[in-house]
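Asks: In the numbering used here, the protein residues as written are 495 to 1045.
One or more hints might be untrue.
Stated by the list, open to error - In silico lysine-lysine, BS3-like type, Cα no more than 30 Å apart, as pairs:
no., residue 1, residue 2
1, Lys694, Lys682
2, Lys650, Lys1028
3, Lys529, Lys598
4, Lys1011, Lys713
5, Lys619, Lys1011
These aren't lab readings, by the way, just hints derived from the structure by calculation. Here the structure is a predicted model, which is why all the values come from computation and not from measurement.
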Amino acid sequence: MDAVEPTPSLMAAVSAGFIGLVSHQIFRKNEPTVKGFVGHVVIVNAGLTLLCKYLKVPTEDLIKIALVDLAVYLTTLSTSILLYRVFFHPLNKYPGPILCKITKFVSTYHVMTRDSHEWMVDLHKKYGDTVRFSPNELSFISATSVDTIHGSKAGKLARGPFYSGDPNRPANSMLSTQDLGEHRWRRKMWERGFGSFQLKQFEPRVVRHLDVLVSQLNKRVGTPQNMTHWGEFFAYDVMSDLAFTEDFGMLREAKPHPYVAALHGGTRLLTIAAQTPWIRPLIPYFPVEAASKKAGKEFAKISSATYDRRRARHINEPDMFEYIASPDKTGPRPLTESEIIADTSLLIAAGAVSTALTVTFMFYHLCQNRSQLLRLQKEVDSCWDGKSVLDVAKLCKAAPYLNGCIEEILRLWPPAPNGMQRRTPPEGIVVDGEFVPGQTQISVHTLAVQRDPRHYTNPDDFIPERWIDEERPAKFNHDVRTFIPFTIGQFACLGKNLAYQELRMFMGAVVRNFDFKFAPGFDIKEFEKSIKYKGTFLIGPLMVEFTARPK
C-alpha cells in the first residue's frame, strides 16, 4: 500500500507549529516588544505564505491556509509557554498559585481592584517566605532576604521592568532609570539637595507652612476636619516650595491643587501599566481608563509649566531645582530638559506621599488611644521652652516617644507596601540558600515583612514603645533588619531625613497646639474599608475634631 503524501496545507501547518516552538525558545531569552512581536508574526506569516506558494497551493486557498497557519502558530506558541511555565520553568520549585505561574494578569487584576497589598500578604501567609506570584517574579519576606535584595549584597541588582510602565513618561527620571551606572551619577546630583546643611536651610520654610496649618486649624476648632486632605495640603505645599520655591497654596486656600488631583488620577493607569510594561505602547489606542489618561496628560502639562516658570526666575533662597538642574562636572553628560522635568516633578510626588500618609495614619491611631496622645503631648511640651520654635534636633534626640510613633506608623503603613522590584543579573544570585536565575524579577514585600510576627510581636498593633529600647519587653520580637519603609542600599530614599524632619515638626506643632479626637459620627470601619492600593496607599476621609490647648 502506497504511503499517503502530506498535503501542502498540512506541511504548512506542521511548519507553523515548529516555528511556534522555535519562537518560544527565542522569546525566552529575548523578550520582544509589542512591535517586535507583531513584526515577528508578520514575517512568520509571510514566510509560511511563500512556503505555500512554493508547494503550489492554489491561490484561492492561500488566505484560508494562511489564517489556519497563524492559528496553529499562536496555539503552539501559547501551549509551549503554558507548559514551560507550569512544569519546566526554573522558578517552578517556588510555591504560588497555579494561575500566577501562567500569567501576569492575575497580579494585574489585583492592582486594578486595588487590593494587591492584602492579596500579597495573604499569599505569604499561605505559601511562606518566598512566593512565585507571576511567571518570572518572586516575593520574599525573610529577614535575610532583605540585605541580599536591597542591602549590601545587592550591588548588581538593577530596577526591574516595573519602572518601564509609565505611559506619560517623556524621559527617565532618577527614580525610574534601570541603568545602574546612570542611576549612580544622577543620584549624586540629587544628593546635593539633601545634605544636613540643606535640610537646616529648609527648616524655616517648613515652619512657615506649619504656621499656616496651625492658623487654619485654629479657625476650624470644633468642626470636623478631613485630615487626609490637611496632611496632603501640608506635604505638597512644603515639597513644591522646596523643589521650585513656588508652593501650591493648598494650606492657604484649603483646597487641592490641580497638580495633586492630576497625580492621583494618573497614578491608577501608571500602576496598572507597570505590572505589564509591554502594553505601554498600546495604551493610547485602548478605549479604557479615559479619566486616568486625561489626568496623566494634565500632570505632565502642569509639571512642564512649573519647570518653565522656575527656569525663568532668579531666586534668593536655594531650592532642590537648583541642585538637580545645575550641571555636574563629574557626570558623563548634562541632563536634558525632559530629564530635569521628570526628576523635579517626581521629586514633589515622592517627597510628599510618605509625609501625607504618615501624618494621616498617625491621627487614625492616636485618636483611638487617648493615653498615647497624652504621653506624646507631655513629651513634646517638655521639648519646648514656651517661646521659640520647636527645635528639630531636640525633637530628634529628646523625644523618643514621638520618634517611636513615627517609626511605628511607617512600619504599619509603609509608603510603598508592595515593595521595590529588582531584576537579577544575568549570572543569577543566591537568596536564602536557593539559586535564583538571571533576569528574574524579585522584591521584598514591605507590608508583609513589616507585619510578620516573627519580626515584630503583635505586628498589627500600634505600639510606639517597641522602638524605645528601655521600654520594649524582653521577649518582644523586634528585627530592625526588616524595617524598610524607605528601602535601603543603593536605591534608598534620598528624602528619608527630610521626611523625618517634616514629620517631627508637623506632629510637634499639632500636638503642642491641639487636642483632637474622631469627629462625631466618624465610622472607623468605613475608613478602614477605604484603604486601597494605587502605587501607594489610597485612603478615604479621616474626620477629626480639634480643640485648642491652653497656651
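Asks: Determine for every hint whether it applies to the structure shown.
Replies: Hints, one by one, checked against the model:
1. For the hint pairing Lys694 with Lys682, the CA-to-CA distance comes to about 19 Å; that is within 30 Å, so the pair holds.
2. With a CA separation close to 28 Å, the supplied pair Lys650 and Lys1028 stays within the 30 Å bound.
3. Restraint check: the Cα-Cα separation between Lys529 and Lys598 comes to about 20 Å, which is no more than 30 Å; the hinted pair holds.
4. As the CA atoms of Lys1011 and Lys713 are separated by approximately 17 Å, the hinted pair is consistent with the 30 Å bound.
5. With a CA separation close to 34 Å, the supplied pair Lys619 and Lys1011 exceeds the 30 Å bound.
Checked against the numbered hints listed earlier, the structure breaks hint 5 alone; every other hint is satisfied.
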